[in-house]
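Engineer: Each chain, written out:
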Amino acid sequence: MDRANSSNCIGPKCKENSFYCVSLCPYNAIHIEPNSDYMVLGDPIWTPDLLLATWYQAETGESPLSIEYQIGDSGGGFDKLKFKFRKESSDGKEKENIRTSIELNKRSYGARIEISVPWYGAGMSFGSISLNMMLARAKASQAWNTFVSTGEGGYPEELVPYKDHIITQLATGQFGVTEQTIGYARIVEIKYAQGAKPGLGGHLLADKVTPDVAIIRESVPWNSLFSPFPFHSVYSVEDHKKHVDWIRAMSPNPDVLISAKVSSPTDVEMVAVGCYHAGVNIFNVDGSYGGTGAAPDIAKKNIAMPIEYAIQKVHRFLVDEGIRDEITFMASGGIRNAYDIAKAIALGADGVIIGTADLVACGCTRCGNCEAGRGCPHGIATTDHELVELIQPDWGAQRISNLYYSWHNQLVDILWRLGFDDIRDLRGAGLSQKYEEYGGKGLLQSG
Amino acid sequence: MFKKYHIPTESAISKKKIGKFLVERNLEYCINCGDCVKACLYDVHKRRQEDVRIMAEPDSYKCKSCFRCIIECPRGALSLHDNPEFFKLGDSYYTPKMVKILWNEAENGRVPVSGAGYRGDFSGPRFDGIWTDMSEIVRPTRDGIHGREYISTAVDLGRKLPYLKFDSDKNVEGVPPNVEIPIPILFNPPPHELTDINLQLIVANVATKLGTYAIINAEDYQELCNYNVIPRFPLDSNLNLELVKGAKIVELDYRKNAMEDLRLLKNLYSDILVSIRIPLKGGLEPLIVDLTKKGAEIFHLYADYQGNEFEQKPRFITDSLRSIDDYLVDNCLRDQITIIASGGIGAAEHVPKTIACGANVVGIDIAYLIALEIGQFDTHIQRFSPIEATDMNLEWGTQRIINLMNSWRDQLLEVLGAMGMREVRRLQGETGRMIFHVDEEKELYDLVGLR
Numbered sequence: 000m001d002r003a004n005s006s007n008c009i010g011p012k013c014k015e016n017s018f019y020c021v022s023l024c025p026y027n028a029i030h031i032e033p034n035s036d037y038m039v040l041g042d043p044i045w046t047p048d049l050l051l052a053t054w055y056q057a058e059t060g061e062s063p064l065s066i067e068y069q070i071g072d073s074g075g076g077f078d079k080l081k082f083k084f085r086k087e088s089s090d091g092k093e094k095e096n097i098r099t100s101i102e103l104n105k106r107s108y109g110a111r112i113e114i115s116v117p118w119y120g121a122g123m124s125f126g127s128i129s130l131n132m133m134l135a136r137a138k139a140s141q142a143w144n145t146f147v148s149t150g151e152g153g154y155p156e157e158l159v160p161y162k163d164h165i166i167t168q169l170a171t172g173q174f175g176v177t178e179q180t181i182g183y184a185r186i187v188e189i190k191y192a193q194g195a196k197p198g199l200g201g202h203l204l205a206d207k208v209t210p211d212v213a214i215i216r217e218s219v220p221w222n223s224l225f226s227p228f229p230f231h232s233v234y235s236v237e238d239h240k241k242h243v244d245w246i247r248a249m250s251p252n253p254d255v256l257i258s259a260k261v262s263s264p265t266d267v268e269m270v271a272v273g274c275y276h277a278g279v280n281i282f283n284v285d286g287s288y289g290g291t292g293a294a295p296d297i298a299k300k301n302i303a304m305p306i307e308y309a310i311q312k313v314h315r316f317l318v319d320e321g322i323r324d325e326i327t328f329m330a331s332g333g334i335r336n337a338y339d340i341a342k343a344i345a346l347g348a349d350g351v352i353i354g355t356a357d358l359v360a361c362g363c364t365r366c367g368n369c370e371a372g373r374g375c376p377h378g379i380a381t382t383d384h385e386l387v388e389l390i391q392p393d394w395g396a397q398r399i400s401n402l403y404y405s406w407h408n409q410l411v412d413i414l415w416r417l418g419f420d421d422i423r424d425l426r427g428a429g430l431s432q433k434y435e436e437y438g439g440k441g442l443l444q445s446g
Numbered sequence: 000m001f002k003k004y005h006i007p008t009e010s011a012i013s014k015k016k017i018g019k020f021l022v023e024r025n026l027e028y029c030i031n032c033g034d035c036v037k038a039c040l041y042d043v044h045k046r047r048q049e050d051v052r053i054m055a056e057p058d059s060y061k062c063k064s065c066f067r068c069i070i071e072c073p074r075g076a077l078s079l080h081d082n083p084e085f086f087k088l089g090d091s092y093y094t095p096k097m098v099k100i101l102w103n104e105a106e107n108g109r110v111p112v113s114g115a116g117y118r119g120d121f122s123g124p125r126f127d128g129i130w131t132d133m134s135e136i137v138r139p140t141r142d143g144i145h146g147r148e149y150i151s152t153a154v155d156l157g158r159k160l161p162y163l164k165f166d167s168d169k170n171v172e173g174v175p176p177n178v179e180i181p182i183p184i185l186f187n188p189p190p191h192e193l194t195d196i197n198l199q200l201i202v203a204n205v206a207t208k209l210g211t212y213a214i215i216n217a218e219d220y221q222e223l224c225n226y227n228v229i230p231r232f233p234l235d236s237n238l239n240l241e242l243v244k245g246a247k248i249v250e251l252d253y254r255k256n257a258m259e260d261l262r263l264l265k266n267l268y269s270d271i272l273v274s275i276r277i278p279l280k281g282g283l284e285p286l287i288v289d290l291t292k293k294g295a296e297i298f299h300l301y302a303d304y305q306g307n308e309f310e311q312k313p314r315f316i317t318d319s320l321r322s323i324d325d326y327l328v329d330n331c332l333r334d335q336i337t338i339i340a341s342g343g344i345g346a347a348e349h350v351p352k353t354i355a356c357g358a359n360v361v362g363i364d365i366a367y368l369i370a371l372e373i374g375q376f377d378t379h380i381q382r383f384s385p386i387e388a389t390d391m392n393l394e395w396g397t398q399r400i401i402n403l404m405n406s407w408r409d410q411l412l413e414v415l416g417a418m419g420m421r422e423v424r425r426l427q428g429e430t431g432r433m434i435f436h437v438d439e440e441k442e443l444y445d446l447v448g449l450r
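Quick mapping for you: the protein sequence lines, in order, are chains X and A.
If you read the first sequence in numbering that gives the first Met the number 0, its first letter stands for residue 0, the second for the next number, and so on.
If you read the second sequence in numbering that gives the first Met the number 0, its first letter stands for residue 0, the second for the next number, and so on.
Simulated from the structure, these hints should not be mistaken for lab results.
Some clues are possibly wrong.
Residues from chain A shown here face chain X by an in silico Cβ test under 10 Å; the list is partial [claimed, not checked]:
1. Tyr41
2. Cys68
3. Ile69
4. Arg74
5. Gly75
6. Asn107
7. Val110
8. Arg118
9. Gly119
10. Glu172
11. Val174
12. Gly281
13. Pro351
14. Met433
15. Val447
Residues of chain A placed beyond 10 Å of chain X at every Cβ, according to the derived structure [unchecked claim]:
16. Phe1
17. Tyr60
18. Ser122
19. Ser151
20. Asn197
21. Glu218
22. Tyr268
23. Glu439
Just so you know, these numbers come straight off a predicted model, no measurement behind them.
Note that CB positions come from ideal geometry on N, CA and C, so glycine has one too.
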């Protein structure tokens with residue numbers, strides 16, 4: 000006999016079945032034990048189950064049956080909130096009319112852009128990830144009529160065919176940003192801060208500044224690139240407005256949308272209002288447990304608050320200021336699955352931004368070694384010529400697309416079970432204790 | 000000319016090689032194809048030197064648990080396990096993870112940087128329930144360790160005037176003596192089982208090189224008087240004031256007539272600073288205010304090695320400090336005195352958090368012992384096994400702690416920079432720039448209707 004294919008084993012609960020191999024074997028030659036690899040895999044936030052579930056969905060496009068794919072084990076935030084559903088799941092036709100699209104522009108000016116799913120892809124630069132990975136994400140975004148951001152590392156030529164689904168990011172180092180790349184974009188994202196390293200600039204350590212990366216960033220190979228913080232052209236809210244106006248003036252596209260990405264300080268709601276008055280279309284808060292290619296551990300753990308706490312602050316303040324329906328509020332940083340997406344929206348966001356999950360779909364194990372050496376051993380967060388071949392753009396795009404397909408189904412199911420037919424109605428519904436149909440008990444319960 | 004404070008780091012390799020993972024090769028399944036050699040970026044897998052037909056035992060210490068070899072192995076011969084040795088490190092407070100971080104910081108002196116997002120629990124008890132603030136847009140002080148602008152980590156020890164008075168010649172009157180140290184960190188004496196003179200020498204040496212101070216036993220002062228040390232008179236010791244002749248700062252365990260002793264010292268040695276060392280307990284506030292009014296200048300409030308008060312139902316050092324800080328602020332006395340806080344400071348982020356909760360300076364103890372890879376300990380029952388410090392290489396030991404301090408200072412700069420603060424003095428008592436998990440959770444749960 001060859002070795003058993005253990006990954007297909009459904010575990011000790013198989014005991015009930017007539018074909019349970021352990022009891023069938025006349026020589027007691029088979030035994031089942033927990034896989035030691037599983038015990039080492041993952042962490043409280045991305046649990047081994049969430050990783051396995053994401054891989055499963057990326058492979059099959061379906062929700063896994065025996066893996067926990069809805070919730071992590073971090074003991075707080077999304078992992079302590081659960082929906083109170085009122086209906087059972089249904090495969091029926093009723094779900095066909097449920098809408099999951101959101102508007103990215105609620106202002107009177109600028110292009111009317113609607114994305115088909117309530118999420119788009121977070122910025123990951125060329126250098127932090129490979130070109131193949133960027134292409135995979137771009138293709139998946141195109142397939143799902145959504146977007147993906149370039150991150151702060153230039154706009155490789157190969158991405159231009161997907162430009163209608165690519166956000167050009169302008170961050171503090173302004174690496175590789177030109178008038179031309181701003182011109183490509185329907186949306187330009189100004190990155191003020193990043194959740195994983197709030198108050199610090201981007202980090203690309205020397206090992207990863209390969210000659211290709213150095214060329215597009217107009218820097219010197221093998222020298223660490225630390226982006227400054229903050230924008231040295233922005234020291235006040237007025238400067239911020241100037242910045243936004245400047246991009247609008249510079250872009251050949253008069254309808255360009257501007258997004259401001261900030262982190263989650265104690266006064267995040269004030270920042271939101273400031274961004275509104277500066278004229279941005281999309282306001283993005285990146286929570287402190289968000290992803291990164293390299294960040295000081297002290298910043299990841301300790302600086303600023305997780306997105307779960309920031310969302311309601313921003314949402315309620317914008318409502319109180321009477322400007323909630325003029326700005327699109329996207330939450331990011333720690334959104335791992337469809338349930339997190341729904342929870343973030345229920346707490347008050349219009350939609351979310353996805354980063355790490357895209358990478359996990361392509362085989363990331365979240366080992367956290369993206370920052371140095373040749374980079375990612377799985378060929379994702381690297382520009383090493385040999386390693387990048389591990390991910391082919393079409394394969395990666397299909398994996399991400401499969402994951403999105405599964406998420407979309409789950410979201411529709413969540414909406415159905417909560418009694419909504421449009422994701423836009425879910426926004427902030429979790430905060431309303433008076434939410435009538437729930438008898439004043441709210442939409443969420445502790446998990 | 001202005002001289003930027005700089006801590007000279009140099010690699011000081013860890014002697015203990017304990018990795019977090021064990022890579023196991025099942026020789027029954029392994030076909031010696033060598034795919035794992037190609038797959039691994041970290042040199043875990045190699046062929047045997049003496050016989051290249053066979054794979055060598057994996058070098059688990061180098062493993063970074065990326066799972067690449069396990070995925071690539073065509074025979075499923077490799078598996079990954081947690082290393083039980085790793086989980087024996089430290090104790091319930093100084094977790095294996097913290098020990099490993101301290102070792103790495105002491106080895107290379109750098110800020111730990113890694114890829115991927117945060118990977119721990121959402122929040123936690125003690126320090127883990129506090130996050131620090133940041134600002135999106137402020138003036139150009141914020142490049143942290145990479146920047147052009149200077150963020151000061153200097154603090155003062157000593158009494159401050161509430162306002163200035165000038166004499167007829169327009170000179171400021173009666174300015175009390177002060178000592179400025181360039182980092183807000185002092186070295187607490189090691190647990191007394193470990194008061195090995197070689198260990199004290201290493202710590203005193205570090206303190207001197209960094210420009211800060213190490214607290215030592217007054218009895219040992221004459222031996223170490225050329226170093227930056229603060230001799231301490233423990234409660235049960237004879238108050239032999241001759242012993243501390245020449246010291247700039249002296250520490251006195253709090254006793255009934257502490258203020259008289261303080262005055263005796265001050266009369267004997269002009270310009271000497273006296274720190275009163277008080278174990279943290281509930282209800283200390285009135286005592287501290289009283290002593291402050293009587294002229295005390297520095298308080299060293301110490302918790303146990305896990306940062307808990309010496310009480311049946313102890314509060315954690317941060318809570319304890321917050322209430323003392325508030326009380327002093329209410330009495331308009333806070334800015335006149337210096338508070339040193341120690342106990343349980345075991346990671347870089349604990350420094351800004353303790354300062355924001357009310358301290359001016361922190362004292363570290365177990366953290367530097369861990370940096371020196373000193374034996375087994377259990378801070379819960381305050382027990383330490385005998386150490387290998389007697390024959391520890393002075394240079395290696397000194398460099399390890401210096402590296403640790405550089406790493407911590409750089410991380411302090413990151414935190415201050417993110418908040419847009421130009422100096423650590425301004426962080427003192429700034430609870431408004433901290434985010435407390437309990438408060439945030441309550442706010443959210445009230446809104447969604449959870450209790």
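Engineer: Decide, hint by hint, whether the structure agrees.
Structural biologist: Status of the hints after comparison with the structure:
1. The interface hint given for A:Tyr41 holds, since its Cβ lies 8 Å from the closest Cβ of chain X, which is under the 10 Å cut-off.
2. Taking 10 Å as the C-beta cut-off, the interface hint given for A:Cys68 holds, the closest approach to chain X being about 9 Å.
3. Given the 10 Å rule on beta carbons, the hint for A:Ile69 holds: about 6 Å separates it from the nearest Cβ of chain X.
4. Because the closest C-beta pair between A:Arg74 and chain X is about 7 Å apart, less than 10 Å, the hint holds.
5. Interface hint at A:Gly75: satisfied, since its Cβ lies 6 Å from the closest Cβ of chain X, which is below the 10 Å cut-off.
6. Here the hint on A:Asn107 is broken, as its CB sits about 12 Å from the closest CB of chain X, past 10 Å.
7. Because the smallest distance between the Cβ of A:Val110 and any Cβ of chain X comes to about 5 Å, under 10 Å, the interface hint for this residue holds.
8. With its C-beta approaching chain X no nearer than about 4 Å, A:Arg118 sits inside the 10 Å limit, and its interface hint holds.
9. Here the hint on A:Gly119 is kept, as its CB sits about 6 Å from the closest CB of chain X, short of 10 Å.
10. Nearest Cβ of chain X to the Cβ of A:Glu172: about 40 Å, over the 10 Å cut. The hint is violated.
11. Given hint, A:Val174 at the interface with chain X, is violated; its Cβ is 36 Å from that chain's nearest Cβ, farther than 10 Å.
12. Interface hint at A:Gly281: violated, since its Cβ lies 28 Å from the closest Cβ of chain X, which is beyond the 10 Å cut-off.
13. A cut of 10 Å between beta carbons decides the hint on A:Pro351: the least distance to chain X is about 8 Å, and the hint holds.
14. With 10 Å as the threshold, the beta carbon of A:Met433 comes within range of chain X, its nearest partner Cβ sitting at about 8 Å, so the hint holds.
15. The beta carbon of A:Val447 comes within 5 Å of a beta carbon in chain X, closer than 10 Å, and the hint placing it at the interface holds.
16. Under the 10 Å C-beta cut-off, the non-interface status given to A:Phe1 relative to chain X holds; the minimum distance is some 22 Å.
17. Listed as outside the interface, A:Tyr60 is consistent with that label: its C-beta sits roughly 15 Å from the nearest C-beta of chain X, beyond the 10 Å cut-off.
18. For A:Ser122, the condition that its CB be more than 10 Å from all CB atoms of chain X is violated, with the nearest at approximately 5 Å.
19. Consistency note on A:Ser151: stated as away from chain X, and its beta-carbon is indeed over 10 Å from all of that chain's, at 17 Å minimum.
20. No Cβ of chain X comes within 10 Å of the Cβ of A:Asn197; the nearest lies about 32 Å off, and the non-interface call holds.
21. Separation of A:Glu218 from chain X is adequate, the least Cβ-Cβ distance of about 38 Å exceeding the 10 Å criterion.
22. With 10 Å as the threshold on Cβ separation, the claim that A:Tyr268 sits away from chain X holds: the shortest Cβ distance comes to roughly 40 Å.
23. Taking the minimum C-beta to C-beta distance to chain X, about 4 Å, the non-interface status of A:Glu439 is violated against the 10 Å cut.
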